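Undergrad: As given, the protein sequences belong to chains A and B, one line each in that order. Note that our numbering numbers the first sequence so that position 88 is 88, with each residue one more than the last. Note that our numbering numbers the second sequence so that position 325 is 1325, with each residue one more than the last.
Where hints are given, some of them may not hold.
Not the full set, but computed from the structure, chain A residues with beta-carbon under 10 Å of chain B [claimed, not checked]:
1) Gly32
2) Ala70
3) Leu109
4) Glu117
5) Gln124
6) Leu153
7) Leu193
Keep in mind the hints are simulated off the structure, nothing from the lab. Quick caveat, the model's predicted, so the values are computed rather than measured. Think of the CB as a built atom: it goes at the ideal place given N, C-alpha and C, for glycine as much as any other residue.
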Amino acid sequence: MALPLTSEVAHSGAGIAAVVRCDQAARTYGHGATAIVAVHGASAELRRGDRVALVGASGSGKSTLLHLFAGLERPTSGTVDWPGLGTGGGRSDASAVAGVSVIFQGPSLIPTLDVLENVLVPLQLSGVPRPASLVRASDALEAVGISDLAARLPDELSGGQAQRVAVARALATRPQVILADEPTGQLDSVTGLHVIEALLAAAERADAALLVTTHDHRVADRLRTRWVMEDGRLNTDHQTGDHR
Amino acid sequence: MKRSISLLWLAGLVRRRAPRLAATAAGIALAVSLVTVLGAFLTTSQATMTQRARASVAADWQVEVQNGDPAAVRDQLMRTPGDAAVSAVNYGAATGFASATGGTSQSTGAGVVLGLGPDYRATFPDQVRQLAGSSDGVQLAQQTAANLKVVPGDKVTIRLQGAPPVTVTVAGVIDLPQANSLFQRVGASAQSQPVAPPDNVMLLPQTQFSGVFSSVPAAVTTQFHVRRDAPLANNPADAFTQDSGAARNVEAASAGAALVGDNLGAALDAARGDAAYATMLFLFLGLPGVVLAAMLTAAVVGAGAQRRRSEQALLRIRGVARRDVARLAVAETTLVAVSGSIVGVAGAAGLAGTALPTSMAGSVSALALWALVATAVGFLVAFGTTMVPVWRDLRSPHVLQVRGEAAAARTPRLPWWLRSGLDIVLLTLAGVVFWASSGNDYSLVLAPEGVPTISVSYWAFLGPALLWLGSAGLLTRIVLLALRHGRPVLEWVLRPVSGRLASAGSASLSRRGPVLARSVVLLALALSFAGSVATFNATYAQQAEADALLTNGADVTVTYPAGVQPPSGLDKELSALPGVTAVEGMQHRFAYVGADLQDLYGVHPNTISSVTALQDAYFTGGTATEVLQRLQARPDSILVSAETVKDYQLQLGDTLRLRLPDPNGSGATMVTFRYAGIVNEFPTAPKDSFFVANADYVAKATGNGTQNTYLLDTGGANQASVAVAARTTVGTGAAVSDITLVRGQVGSSLTAVSLDGLTRIELGYAIVLSVAAGALVLGLGIAERRRSFAILSVLGAGRRELSGLVAGEGALVVAGGIAGGAAIGTGLSVMLVKVLTGVFDPPPASIAVPAAYLVTTALAVAAAVAAVTVVAARGTSRRPAVEELREL
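If we strip away everything but chain A, and leave its shape as in the complex, we get:
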């Protein structure tokens, strides 16, 4: 059974420690004259309970900043650190930092695994014992309202269902940070909003920080905080009033 959608309570964040912090973090691709600066010295913090919409035009550097937050890319200058999160021992350089779950825009499920197995993968990779991981995966599927799809293969799911599975997979790891990169980018608006609701519920349930990149204002309006990326520069001063 899915959790009831929760209203996000406004909070200042005062007294809550940052779980992700970047300081003048920049990311440049290439060298010399052909170098492209995707992110210019961004400084920001994410705390538990944060609900952030990172908006901006295509190519503004949203995804790159998200990747920096996830530890999937390293800054070419400045720093990104995850105070309070585990070091992620045993994880590869290509993996997201332990405690951070990432949801991608396109299909991100393993097509040869069914829904339950897809949700189990990060738990198994984290070394969660099988009985416990089964319980957590089932709980996560129930939390996003798709436990009846557990035995289906990705090819048998709609786009919205597939993204819900991705949310469940993120939730199952009990993350402290959920980073979603255009999770509704390939969905119609109604389905996209359902996915966002599922994300919010998952973040609430995990008591995690949530950052969603999007260029859809309806999606951004569902989140309390709005950060704007413009030509690689991050502006964190925006607030939205449409959040619950």
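With chain A held as given, fit chain B onto it using these hints.
TA: Structure of chain B alone, referenced to chain A:
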């Protein structure tokens, strides 16, 4: 406009999908080059057979004058198109020859005197071989000279029926290598030909011959020997038709005055059967390779099918009409077909220059012809493997949902043809066909002597083809069932290499059953192709050597003419020659069974095997060892040919009374034997009927133990030098032959052509196909799943775990492929050798297993798959996962 879109599309494909295009083109190139090279091999082989058949006869035609005017026949022959030289030969019958040398007189039975014109030996150089003395004047055949104990300079008396004897002086001693055809009964069927050429032969200059036989013209017949230069077709069968037609034309035009003994036709007649066998070899050994190359291409295309579907779906979503999507697919297919064909033909030309004999490499026209055929095959493969799935997709009224990777099966079901048990049915049918085609009355190629048509039993293909298909189906069934029910085992196997990914890995492998089964089956079929071709070729080489050994008897053989007593202690002298490891004396005599005269070999059963290899296939009713033990245990035992057993309705243990003529020509002795078994082949024995008996028993029963054949074993080395030493020891009194010379002369024209070139090509392709089947398909499959690996990587999978997953899949494909390949290859080899028994002479008792090649092939596949695994594993971690995800 549409043309520019096609070009744009192709340019994009070349830039972004070059590996996939290259792999598809490589598969087509393999098929094209294989067809080209094998086709050129077939054409040039057949041409070589025709050339060799032509070169093997000393005189193409022997035209005998029948109650007509010899001059008129000569004029007619001179006018016949294609007759390059015509020379008259007179045959005179003598009642015997006599000599008086060294204080003793010798005489022979009936003989033949030939009168040759002055240009004869120059025109037909292979007919007469000078052994001693001068080539001018009277010549005596070697055996006659030995019988009469004369040397050049001695006198010999010719005895004639109804005329006084004539004495001549011998100028030289000669050998007549083609005595059988020289003394043939012109116009008679093969069954009516003399059993052996005359023992006593003298050659006289034509003027001298006329003088000797002037008083007995009835004893003389006249032939014209003809050398032809009419162009012949490459194919022996067509050449046979051309030649025999010309010969029949001469007979018809002469209105009965001339009868043609068509030696060239007889040689071509024999070669056309071999040519039919060559065609069968081409089909048996070449077709599977082409089919495999096509399957490989289909697998490569299949590996990128989902991506192609996605691209086509996107095009259709954006409003491109189905017809235009199909046009783009045709453009892509044409690109790979053209590039694959060009590479294939170029590769074939290169191979022809290195792997084939020079004569074949030079056959540009054959290469060009087959290049065209192969290009057609290449286009067929390209369009069959690419356009058929495209056409199928485009028929769907719905645009398929865009997915990144191939869809998985929830519970991989057996395909309908396996659920209906088709694989079992095919294997059962293969067994039935094999049983039917391996019966004694079965003949793959039937080329009745003298009949222009050749009957080739193409049904023979059915057995191996059904076995191939049935085995592939059964292996698919086994792999699918193992993957479906063996997940716990898979997880256990993957655990050490892929660690925490083992569970997901086993589930993934299990659901990828159809794809993995295809990879395993393709590799197994490629390996079975390699194995069966290698085994066939090794067995062929083994039997060719056995054939040479059968013909020559041993590494080196010393043969004295019948009736000539070798010097005492010769065996010891021969044993002492450097390089000789064993010497075995053997009696070669003749025996009458009823009215038939057959060869009889008296052997020492205990020691004969020390100098020559006796295969079990040489005997029926027991192994070689068992049969020889029978001869030893009961000395009056005799081994008889199957034909004689059938003709005389013999039962084991029956008494057989044979009349053995004395080798010196002084009467005969009746000897009682006991029939103890069937002998099919025996060293130095003829192809037709003969006897093998215990030498000691024959000596005791006839009072003559002369051993006129000595078999020398040299341990398989230095045969030529040992032969030279043996010649020095025995002088001109005996013939010495060694196996190195015989290898090039024996057997059919098929074995003479040699399968070396074909073997090199086949084995090379088999390795390439196996490696490609294992590595290419696996590599492309992994490449198509980069997104999954990137996602796993983001989710926390380490390099070791991902590499382990890739390695596990590779190991599964290799293990399944090698095991399946070994099983299918074994069955196919046995079937192939049995079905193609007619190619072997003698038939093999057991197949030869080329272990080194098979191990090398398996190692090459394992190494290639390992390399692909390593590269793929590196590829999964070389680039940041997010970059992969952005691109895919």
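Undergrad: Now tell me if each hint is right for this structure.
TA: Cross-check of the supplied hints:
Among the interface hints, the one on Gly32(A) is violated; its C-beta lies about 20 Å from the nearest C-beta in chain B, farther than the 10 Å criterion. Evaluation of the Ala70(A) hint against chain B yields a held restraint, the C-beta minimum of about 8 Å falling below 10 Å. Interface restraint check for Leu109(A): the shortest CB-CB distance to chain B comes to about 8 Å, inside 10 Å, so the restraint holds. Look at Glu117(A): its Cβ gets to within about 5 Å of chain B, closer than 10 Å, so that hint holds up.
The beta carbon of Gln124(A) is positioned within 10 Å of a beta carbon in chain B (closest approach about 5 Å), and the interface hint is therefore held. Look at Leu153(A): its Cβ gets to within about 6 Å of chain B, closer than 10 Å, so that hint holds up. For the restraint placing Leu193(A) at the interface with chain B, the shortest Cβ-Cβ distance is roughly 22 Å, beyond the 10 Å limit, so the hint is violated.
Figure legend: structure checked against the earlier numbered hints; hints not met, in rising order: 1, 7.
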